[in-house]
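J.: Going down the list, the protein sequences come from chains D and Z.
For the record, in the first sequence the residue sitting at position 196 is 196 according to the working numbering, with numbers rising by one throughout.
For the record, in the second sequence the residue sitting at position 183 is 183 according to the working numbering, with numbers rising by one throughout.
No wet-lab data here; the hints were simulated from the structure.
Where hints are given, some of them may not hold.
Pairs involving identical chains hold if they fit within one copy or between any two copies, as the list cannot separate such chains.
[Stated by the list, open to error] Quick list of in silico lysine-lysine cross-link-like pairs, DSBU-like style, CA-CA up to 30 Å: (1) K290 to K179; (2) K76 to K147; (3) K72 to K147; (4) K179 to K204.
Treat the numbers as computed from the prediction; the structure is a model and nothing was measured.
Number of protein chains: 2
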Amino acid sequence: MRLLSQMFGKDLVKVAQNAFLCGTMEKLELYILGCGSALPTTRHFSTSQVINVRDKLFMIDCGEGAQLQFRKARLKFSRLNHIFISHLHGDHCFGLWGLISTLNLLGRTADLHIYSPHGLEKLLLPTLAFFNRQMTYKVLFHEFETKEPMLIYEDRSLTVTTIPLQHRIPCCGFLFAEKPRPNHIIREMVDFYEVPLYEMNRIKNGADYVTSEGQTIPNSVLTRPAEPPRRFAYCSDTVYLPDLAAQLAGVDLLFHEATFAADNLARAKETFHTTAAQAAELARAAGAKKLLIGHFSARYEDESILLEEATRIFPETLLAKEMLCVSI
Amino acid sequence: MRLLSQMFGKDLVKVAQNAFLCGTMEKLELYILGCGSALPTTRHFSTSQVINVRDKLFMIDCGEGAQLQFRKARLKFSRLNHIFISHLHGDHCFGLWGLISTLNLLGRTADLHIYSPHGLEKLLLPTLAFFNRQMTYKVLFHEFETKEPMLIYEDRSLTVTTIPLQHRIPCCGFLFAEKPRPNHIIREMVDFYEVPLYEMNRIKNGADYVTSEGQTIPNSVLTRPAEPPRRFAYCSDTVYLPDLAAQLAGVDLLFHEATFAADNLARAKETFHTTAAQAAELARAAGAKKLLIGHFSARYEDESILLEEATRIFPETLLAKEMLCVSI
Numbered sequence: 001m002r003l004l005s006q007m008f009g010k011d012l013v014k015v016a017q018n019a020f021l022c023g024t025m026e027k028l029e030l031y032i033l034g035c036g037s038a039l040p041t042t043r044h045f046s047t048s049q050v051i052n053v054r055d056k057l058f059m060i061d062c063g064e065g066a067q068l069q070f071r072k073a074r075l076k077f078s079r080l081n082h083i084f085i086s087h088l089h090g091d092h093c094f095g096l097w098g099l100i101s102t103l104n105l106l107g108r109t110a111d112l113h114i115y116s117p118h119g120l121e122k123l124l125l126p127t128l129a130f131f132n133r134q135m136t137y138k139v140l141f142h143e144f145e146t147k148e149p150m151l152i153y154e155d156r157s158l159t160v161t162t163i164p165l166q167h168r169i170p171c172c173g174f175l176f177a178e179k180p181r182p183n184h185i186i187r188e189m190v191d192f193y194e195v196p197l198y199e200m201n202r203i204k205n206g207a208d209y210v211t212s213e214g215q216t217i218p219n220s221v222l223t224r225p226a227e228p229p230r231r232f233a234y235c236s237d238t239v240y241l242p243d244l245a246a247q248l249a250g251v252d253l254l255f256h257e258a259t260f261a262a263d264n265l266a267r268a269k270e271t272f273h274t275t276a277a278q279a280a281e282l283a284r285a286a287g288a289k290k291l292l293i294g295h296f297s298a299r300y301e302d303e304s305i306l307l308e309e310a311t312r313i314f315p316e317t318l319l320a321k322e323m324l325c326v327s328i
Numbered sequence: 001m002r003l004l005s006q007m008f009g010k011d012l013v014k015v016a017q018n019a020f021l022c023g024t025m026e027k028l029e030l031y032i033l034g035c036g037s038a039l040p041t042t043r044h045f046s047t048s049q050v051i052n053v054r055d056k057l058f059m060i061d062c063g064e065g066a067q068l069q070f071r072k073a074r075l076k077f078s079r080l081n082h083i084f085i086s087h088l089h090g091d092h093c094f095g096l097w098g099l100i101s102t103l104n105l106l107g108r109t110a111d112l113h114i115y116s117p118h119g120l121e122k123l124l125l126p127t128l129a130f131f132n133r134q135m136t137y138k139v140l141f142h143e144f145e146t147k148e149p150m151l152i153y154e155d156r157s158l159t160v161t162t163i164p165l166q167h168r169i170p171c172c173g174f175l176f177a178e179k180p181r182p183n184h185i186i187r188e189m190v191d192f193y194e195v196p197l198y199e200m201n202r203i204k205n206g207a208d209y210v211t212s213e214g215q216t217i218p219n220s221v222l223t224r225p226a227e228p229p230r231r232f233a234y235c236s237d238t239v240y241l242p243d244l245a246a247q248l249a250g251v252d253l254l255f256h257e258a259t260f261a262a263d264n265l266a267r268a269k270e271t272f273h274t275t276a277a278q279a280a281e282l283a284r285a286a287g288a289k290k291l292l293i294g295h296f297s298a299r300y301e302d303e304s305i306l307l308e309e310a311t312r313i314f315p316e317t318l319l320a321k322e323m324l325c326v327s328i
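Whole structure, please, built from the sequences with the hints as guidance.
T.: Written out as structure tokens, the structure reads:
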């Protein structure tokens with residue numbers, strides 16, 4: 001049996017060990033590009049967010065100016081391959097026209113995937129064809145039903161599931177969920193038992209180790225559990241739906257629209273929006289770890305009234321603002 | 001014969017005299033909402049400008065984010081009735097979708113007139129119909145040919161004529177020209193000759209005055225000439241067209257694109273754009289009073305290179321920037 005240090009030089013071992021043994025949390029960050037509602041103000045851009053999952057960028061909604069804010073946040077277009085549109089109101093998708101054209105001007109070649117309720121492709125295609133005579137890349141539309149939660153995206157480490165909402169038109173939120181990750185190797189223990197490099201993946205995935213002498217070392221001695229997978233939920237636009245608590249149970253971060261304060265409850269219902277108090281009630285019922293509220297009505301020059309209202313019910317509430325980056 | 005003060009009370013006379021006699025320049029201001037080119041940067045919005053003619057607002061081009069910048073400039077949507085689109089490239093018109101929707105949300109009732117080369121109505125209508133199920137106002141499209149100068153707008157005090165440009169697609173600039181205004185009454189002289197109020201309009205328009213004693217007072221004694229009518233020309237996007245000097249002769253302000261510096265002349269020609277030096281040459285040849293350059297390529301982090309290049313040829317050059325307001 002050879003140790004890592006026998007197989008590789010000393011420095012290379014360090015690199016390999018770091019890759020295998022590193023137990024730090026991987027990047028999961030939410031950027032707010034815009035958190036206003038339908039009417040533009042001098043304070044807010046229309047709705048758009050970007051979630052950075054280990055340097056893959058996923059855009060959620062794409063209001064007018066999203067591409068400008070994307071640049072301002074120093075995010076990289078090349079890392080953006082998936083855009084999720086909650087519903088076909090202009091303040092959630094008018095930024096697509098410009099963003100898609102810009103990516104074309106930049107000579108992008110990778111496919112761009114757009115997920116939305118039905119109707120977007122038919123609307124966008126004629127305009128795209130007119131304004132981008134020659135596309136350097138493909139835009140692939142994935143249109144979904146909005147009645148039931150649906151798995152609409154999956155890769156090695158992440159799933160995205162729709163969250164059916166209730167708005168004036170078909171609308172869904174999105175639940176971003178990390179997949180469970182392999183256990184972390186305890187470096188001192190694998191060194192002690194002289195575990196060879198080629199056994200590491202099996203051990204990370206739960207296998208015990210049998211030494212060359214035939215002794216079985218239980219996995220629990222060699223590893224510690226991975227961090228629990230994190231989840232982020234995006235809910236906008238919608239009336240207050242208390243039943244969402246089940247699907248959102250225990251999310252690490254809940255972004256929920258809070259278009260109005262509680263004294264505008266009637267207006268919220270009428271326009272199929274939520275109050276800050278209701279967003280906080282939902283976060284509490286769901287046992288969310290943090291609540292981020294946004295999609296503010298233009299009437300609130302000072303949004304601290306919304307924050308105070310929510311915080312009284314759910315203390316771990318944050319107020320969205322442009323260029324805010326929240327680590328999940 | 002009665003004097004003004006005999007016909008009205010003393011205070012009313014002052015108001016009436018001010019209305020008749022005021023000789024100050026009326027408002028003619030240009031606001032830069034965006035002066036970037038096709039690719040967005042953190043420094044610039046896409047192209048859009050607003051010209052304020054005695055509190056009537058005319059928008060020229062409407063790139064993404066124009067409505068946000070319009071708000072930021074503290075301009076009033078209710079004063080905007082006419083939008084002029086130079087050509088159908090996205091960075092000059094992608095802001096229309098959001099702007100039109102916002103005006104609808106605000107419950108606008110006045111018609112909105114949009115002037116553009118052919119094709120815009122067909123492109124916009126399906127999207128507008130989808131995103132604005134019920135329109136509270138009418139959008140009226142006025143599409144023009146781009147080969148010859150055409151008078152496309154006229155009111156009591158202003159005309160707008162197209163300036164045929166040469167770009168990759170049909171494109172026109174716009175010449176905003178005040179109509180000649182009546183002469184200014186010289187207050188001391190009309191007081192001296194006891195000219196009655198009802199004669200004032202005739203005199204402002206050039207008539208002599210005959211006193212009740214039959215004495216003819218020449219108009220030149222009673223009035224001084226009005227300020228010469230002012231003209232503003234907008235030229236973007238285009239290759240360098242020296243022949244424009246004739247149509248632009250003597251303009252008070254020329255906005256001209258200067259996408260590139262002279263060392264990128266080949267690139268400018270290839271993409272049908274102009275260099276700062278060429279814009280300055282045109283301003284000089286036209287005898288413009290001032291030149292404002294914009295539509296900067298994203299490659300220039302520091303645009304002073306463009307300003308210096310233009311200033312060497314035409315000293316009265318200004319660099320456009322967002323929220324700049326130029327009095328014409």
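J.: Could you run down the list of hints and mark each one as holding or not?
T.: For each hint, the structure was consulted:
In this assembly of identical chains, the alpha carbons of K290 and K179 lie at most 30 Å apart only when taken from the same copy (20 Å versus 62 Å across copies). Taking the shortest Cα distances, K76 and K147 never come within 30 Å of each other, neither inside one copy (34 Å) nor across copies (41 Å). Proximity of K72 to K147 under the C-alpha cut-off of 30 Å is found in neither arrangement, the shortest distances being 36 Å within a copy and 39 Å between copies. Within a single copy, K179 and K204 get their C-alpha atoms as close as 15 Å, which meets the 30 Å cut-off; across copies the closest is 81 Å, which misses it.
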